[in-house]
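S.K.: Listed below are the residues making up each chain.
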Amino acid sequence: MEYFRARVPASAVICGFLIIALAGCGKEGKNNGGTLTSVSPAKSSVKEPAKKETPPAISTRPITEERIYYDFEAGFSGWEIPVWAQGKSDYAAKEIGLSEEFASRGKKSMKISADFPGGKWSAALVEIQQYLNLGAYRVILVDLYVPKEAPTGLKAKLILTVGSNWKFVEMSRSVPLIPGEWVTVVANIEPGSHDWKRVVPDEEFARDVRKIAVRIESNQKPIYEGPIYIDNVRGGK
Amino acid sequence: MRKIITVLMVAGLLLTAAAVYAEETVLFDYENGLEGWEVPDWAYEKPDHVQKAIAPSDMYSSSGNFSLEMDVDFPGGRWTGAIVEIMQFFDWSDYSKIACDIYIPEDAPRGLKSVIILTVGDAWKWVEMSRSYDLVPGEWTTLTADLTPGSIDWRRIQVDDAFRQDVRKIDIRVHSNNKPAYTGPIYIDNIRVIK
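Chains as they are written, first to last, in the numbering used here: chain E, 1 to 237; chain R, 1 to 195.
Derived from the structure by calculation, the hints contain no laboratory data. Beta carbons: idealized from backbone N, C-alpha and C, even for Gly. Errors might be hidden in some of the hints.
Stated by the list, open to error - Which residues of chain R face chain E? A partial, calculated answer using Cβ under 10 Å:
no., residue
1, TYR95
2, ASP134
3, GLY150
4, ARG155
5, ARG168
With the hints as constraints, model all of the structure from the sequences given.
M.R.: Pasting the structure below:
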């Protein structure tokens, strides 16, 4: 015993007793429940409550597979400027067309003719209403291009309408467009994602997408009258 | 020499036309009546379904001389639909798309939308298109939907090869979601599958 006291610190002894006590509690719980599984009692008693409270972890694995949903090679496929946005003073999309001037994939893209007056918030919005199950994908992506003559300062985000109550869910951040370069807007749609404003996606979120919208914004500035190109709307996993 | 060139050109054109024609199979063009199309009984009983009658018509057609005319009465202010269907077993394994043409007169309002609905498989699963097409007054609108595995054109179903092998009904529905109100005819024609 003297040997034991000399070699082992008192704190370690206390910890040892605690561990044994906790393990014992776990065993009793399992026995009472009549469970025959071989799960470590200590593990189950400590980790189970934590599982319920922790939001799902977002995968950090790279995106290795993509599926193109809309590339505008054969038409608009249902994309449009919504009727409610037409004629509104803060909505800047005047018309849309198919264009061969720029494309991030294939030969064509969707061209929005926009007119941002500056001095106030204004936005150009295009959308498609289509019921989609994106549950197999981890992210949704879209490519945007503004010509090199365009000013800096325009920003873009994705907006989804999801679920049976048609909930309008914006991305929590917007992505600056870079004149003369294709910019990819990426939003994570996995459960627990922080990419959406006031909504943390659950398992159902991506499975019942009813609209996809792309909104390009000018907040006071810049002033810009000209085209914006959208291409290659896709899911990634 | 000129004659040979002319003959070759005509032959080429004929072959091209034949190839294009072979790409599509017209299933129904109403040249011989309604060809089995009807308003389902349940739709007559539902207050939100507003089709009044159907008949073959030679007023407008996108193929041949006749189309199917559906008289409707959309009241506006709530969702209402008008539907026609045919029950028939189809195996479209050799085809990749289904299409149909719909026309509303020039004086009809904008805002009516349309979808194709298929009933498929042993479970008679009701499968609507995942997006609707806007009908444009005074123009034929072509609805097209992909039938191939992985298609995103159908709602609440993972489209596999079996989907197109066992189609049991085709429905075409036109709807008004709150607006517009419209009383008048809608013309449907040229229901076809495409390779």
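S.K.: Hint by hint, note whether the structure agrees.
M.R.: Cross-check of the supplied hints:
Taking 10 Å as the C-beta contact cut-off toward chain E, the hint placing TYR95 (chain R) at the interface is violated, the least distance being around 18 Å. For ASP134 (chain R), the interface hint holds, the least distance from its beta-carbon to any beta-carbon of chain E being 8 Å, beneath 10 Å. A distance limit of 10 Å between C-beta atoms decides the matter here; for GLY150 (chain R) the minimum to chain E is near 8 Å, and the interface restraint holds. A least Cβ separation of about 4 Å between ARG155 (chain R) and chain E falls short of the 10 Å threshold, and the interface hint therefore holds.
Because the closest C-beta pair between ARG168 (chain R) and chain E is about 22 Å apart, greater than 10 Å, the hint is violated.
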